[in-house]
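Student: Residue numbers (this note's numbering), protein chains in the order written: chain C, 1 to 478; chain F, 1 to 243.
No lab work stands behind these hints, which were simulated from the structure alone. Note that CB positions come from ideal geometry on N, CA and C, so glycine has one too. Worth double-checking, as some hints may not be accurate.
[As the list claims (entries may be wrong)] Estimated spans, in silico, between C-beta atoms of each pair: (1) C/468 <-> F/77: 25 to 33 Å; (2) F/123 <-> C/106: 58 to 66 Å; (3) C/8 <-> F/83: 34 to 42 Å; (4) C/344 <-> F/123: 42 to 50 Å.
[To be verified] To list a few chain F residues with every Cβ distance to chain C over 12 Å, as calculated: (5) 27; (6) 28; (7) 56; (8) 81; (9) 95; (10) 108; (11) 156; (12) 181; (13) 189; (14) 190; (15) 202; (16) 213.
[As the list claims (entries may be wrong)] To give an idea of the interface, some chain C residues facing chain F are shown, with a C-beta separation under 8 Å as derived from the structure: (17) 16; (18) 383; (19) 384; (20) 423.
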Amino acid sequence: MKLPDLVDLASGNLRSSLLRNGLTTVGISVGIASLVALLSLGVGLQELAGQRLSRSGLFNTVAVSTWRDARQMARRDAPLVLEDRKDPRTLDEAARREIGQLAYVTDVEPELRFVAEIRGQERSTITRVGGLPLSARNDEAFDTLRGRFFSGPQAAEAVVQLEFAREWNESDPYSILDQEVVMRYAERQPLPADSAEEDPGGGLEFGGLRDTPENARPENDQNDGNDRDDDAYGFSVVRRQQPLRVVGIVEEEPYGGMRSVSRAEFYVPLPLAERLGIMESSDLRGTVRAGSNQKTYDRLMVSVSSPGRVMEVQQAIGRLGFRTYSILDATRSLQRFFVILDLFLGIFGSMALAVASLGIVNTLVMAVMERRREIGIMKALGASDRDIQKLFFVEAGVMGMLGGVAGVALGWAIGRGINAGTAYYLAQRDFPPETVSSVPPWLFAAAIGFAIVVSLLAGLYPASRAARLDPVQAIRYE
Amino acid sequence: MVGADSAAVQPAILTRDVSRHYHMGPAVIRAVEEVSLEVAGGEFAALLGPSGSGKTTLLHLLAGLDHPTSGSIQVQRQELGGLSSEELARYRRHTIGMVFQSFNLIHSMEVFRNVELPLRFSEVDRNERRVRVEEALERVRLGHRRNHRPGELSGGEQQRVALARALVNRPALLLADEPTGNLDSRTGEEIMRLIGECNQTLRMTVLLVTHERALAERFARRMIFMADGRIVTQPGTAAETTA
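Pulled out of the complex, with its shape left as it was, chain F reads as follows (with noise of 0.2 Å):
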């Protein structure tokens, strides 16, 4: 996979005292508070806290589509903060894949032109995109399923159409919000099965959001807690927390 190996080495995810604030009125949210993180390249980190803690604004934070009120954030050496708009959105597309709690695919189209969105944006060759969507709706065993669109989908294969979409571009980092949160627990379990199996064979960062700490605990190589926007718990290896 693209800058995995060269990656392995280096912290994949490296936040130094990031915070993220919103105003509303008078009011000051603090989402995200002065959260220091680092996640090895190839590393399956799971980040866990109840609902409201910051765990999906600090996946926003990484994933570029929020910007920190102070600190900073690098992404496989790439400092997110001295980004534009235009560079943010190259990070996007080459960087990292992401995957949703409700799938967030596109109804009108069949799964094989939404999982080739991503490709389209890329200016991926039409030939070059025919085999790579094919490759990655494989991995996801769902090559059957190409023409359909995703309302004739269960909500298991829906999200496996999402990750393959994700796969699609051959990213060096996963960001998964929630990505079992909308599916039954033996759909779920088969979902973390396939992540779990790109963080194996593709050498990928996986960093996993979720409030299902038994599910974090048999897929993850490490446990991240959050409270209130703030880091409670981080242990200094993967070893320390697995179980």
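The shape of chain C in the complex, shown without the other chains (with noise of 0.2 Å):
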């Protein structure tokens, strides 16, 4: 027999006995219902977690730095790897270029963070300053951003931690928005031709020398304290200072509390930042190490296009002499516990499924029991065994199909209610609404397939049990 006419058959005789069929089918949609309900809570948390990581930009973001500094990356615990290659690469301006350059970056950008004096028309700090991208504004911090973003990469504007602006005005922490402050700051500069001339803003230099015996002190220098020649390099370091306007306050650390700039108190555009050539605490150990002036960066924060190509990346700039490190390294845990959270959801949503498919088969029995004689009909007319059974089978499958699609939406508004319900409960604490329950397109289809495939398999017994039927015995019952 044709599916369509099997389909046909099938529905005449789900709807002759509506009632006890559609309690049947009610059974599934509650057994699936209830599987979505908690499979959605599943995927919902996960994703509210792995939405929570990837605003704060971690997921996508690959840590770089040299192989030198391998124990600053490592925990404080870990064994010391200091020098463990060869030849180290640097990590400076043409390593950057280079980086930038790799498949699925999006962008490279140093972490900058430096002490610096604020000073405003009657008060002044001492504070630490942070250069912040201006990706960073999709960082969810921002969300509850008092004021608002840097207008460009170049604006002579700050934002600040609210901690800060209490700091500045306890009483009145707010009124720190739009005033004008002066960000006192160390440049770095290179050094003069003639490093004994007198610099004008007055300031230090560092240098050193190659250590090679060519690099002897000449007899006549004049320098006296100060160990460089020709080949000497190094920098001045000149105290310099930048207006700037408060344009924001935020009331969270960004990237999550888990980026070095997420621990200033004082933010800046970081283009401004590079721009104004402002000295880390790390040059000095730069100059210390490096074979040239350039100016050489602690870590490199490199984007990537997705959380997806984060290894590729990773890979990839390993291979170019960089030591790595991703969030997703260690985030590989938290994904084992979501699979073993959804894997024990769905075990137990499964139970209230696996009691409605014992109705199908209760049903399905009560089926072949009272169409007995209609089963030794069609026989005699002429349906094979095969017919019979296929027939149960897709009466079984429409069961399923319908319980299926009717549990899904039941499910899906359980997820709603759930929702509401979190909404509301965090509403009365202050917070936020979350979505903790979430459908995926995938979690309806595999549910409605799910739900086919356990009455399918409840209907196997009926139908084998209708199909052997004796058609002379089944032509006699009355």
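Hints in hand, dock the two standalone chains.
Tutor: See the structure below:
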């Protein structure tokens, strides 16, 4: 018999015992609804955790450092790994450009954090200043930003932490908004041709000698205290100041507090900070190690087009001779946790479906007994055993499909209810609403498919029992 | 009618020493015992006998619904003993049509769908099905009742629907098991007339099981008598038994 005829006959048979078949279908839909509701909770919680982490920019970010600084990137109790490569590469401007040209890399930015004095009309304070790229605007820390974000990469603007604003003015922290302040910082300047000249800004000079015999200080060197000559390298430190307008106050640490720049209290646009040539504490280490006067970076943060490409980018950067680290390395155990959580939620949800499948077995066995004579007639009219078997299979499948569709809708509604309840609960405690239950399209399809498969399995025994009926006995049955 | 003309000179039914025994505990019930029977193509034969004589069991064996304990059955030159379950189903779909005493219509389906059922099993195209069902219903003069359910029809009408269902696949052989058993004499006669028409106009072989000798004598060209599972009289020609 052709499938459309099977479906037509099965639908007619199901309609003829509407109440019983309807109740069985409701049983399946309740089973599927519980499965969908529980799995959607698991999926929703996973997405919530994933969104939080991915919005922090951590999932699609690779931290790059040199092998020289391996111990800095490792845990404190990790074994000391210093100079463990023969010729470790320097993380300089050339390396930054090289990394920027790799596939799937969207941005390469240094982590810039320094100490500066912030001076207002009435008060001044020394604080940690961080350079924030404009992409940080998407970080969820700025969802609750008071004021606004930087208007451009070179804008002479600042965003401050609420903590800083409170220290600035305890009685009215938000009064700092739109205030003009001056940032006093140390500028890193290349060494002048003749270092004996007085620096108009007043400053210090840092430098060193290449450890070669030719670098011996000339006898007529007038610059006592400074070990340098024509081959010397280093930089001058000059005090500078930059007027800034405070445009925003942020209440949470950017990047979930997981980057060193997160712990700054005062932020300026990163491109501005880079242009100002601000000296960082790591510049001293760079000067000692570097083989040229080029600026070296302590660490570069590489943005990747998607979290799925992080591994590839890590490998590519590794091949360039740098050490990499990404949060994905640390979150594999988190992913494993959610897989296990989903598995257990699925098992608990399936229990209701297992009970519902017994309902299908019961309904179809009853149908075989009630329709015994009908089965005999069909066989006498030329239906094969396989036709009868398929007819009961399709009846089970139709019940499963209808139950699955209704169950998915019910499960989705339960999920919406959970979300609404959670939002209300959070609102009572002044928290923003969160989506804890989510039904992705694959769950819709998988749940309906699962309902059909379970129903077909439940229909196996009744269908084979119907197919085995002796037509002579069945026709005589009253 | 398919196969009817070509089968006219060949026996439509040929059985040799067919027995059907049932075991009920230690007892053996010999429902059919060494029956040898020949029905020519296009013949209208009546199988008569008292209740329990084995008529219906023999009919079920000829329909391929039951298997003989021993002996061979050939219908339309097809040996039923060697057929698988699937092949027997195909044989029932294409070679025979059956009419029962209790009509055996499916009450959840309308008349049209009841008659259409064998065509669905034969996987006949939907448009072709409609034509053939309407043709069969017209033949039994029930075209106007196509959308009624069996429960809304009289006994005679239900049996006419059953006859239309048996004819719809255009079988070579019609097996009718007490088709008038549940009907009054006037309606029964009407049904017999319709069966006779099929035999005459479609050259369809008919084997009628009945215990109403008068009706059989009127319509059948040959009568075969059974008692205790055996054929007790089997005249050689139709002329010898025709009234």
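Student: So, for every hint listed, does it hold in this structure?
Tutor: The hints, checked one at a time:
1. C/468 <-> F/77: 25 to 33 Å: For residue 77 of chain F against residue 468 of chain C, whose Cβ atoms are near 30 Å apart, the range 25 to 33 Å holds.
2. F/123 <-> C/106: 58 to 66 Å: holds, 60 Å
3. C/8 <-> F/83: 34 to 42 Å: Between residue 8 of chain C and residue 83 of chain F, where Cβ atoms are some 29 Å apart, the hint is violated.
4. C/344 <-> F/123: 42 to 50 Å: Taking Cβ atoms as reference, residue 344 of chain C and residue 123 of chain F lie about 47 Å apart, which means the hint holds.
5. 27: holds, 18 Å
6. 28: holds, 18 Å
7. 56: Given a closest Cβ separation of 9 Å, the condition is violated.
8. 81: Holds, since 17 Å exceeds 12 Å.
9. 95: violated, 9 Å
10. 108: Violated: least Cβ distance 4 Å, not greater than 12 Å.
11. 156: holds, 19 Å
12. 181: holds, 14 Å
13. 189: holds, 25 Å
14. 190: holds, 23 Å
15. 202: holds, 19 Å
16. 213: holds, 25 Å
17. 16: Given a least distance of 4 Å, the restraint on residue 16 of chain C holds.
18. 383: Holds. Min distance 5 Å.
19. 384: holds, 4 Å
20. 423: violated, 49 Å
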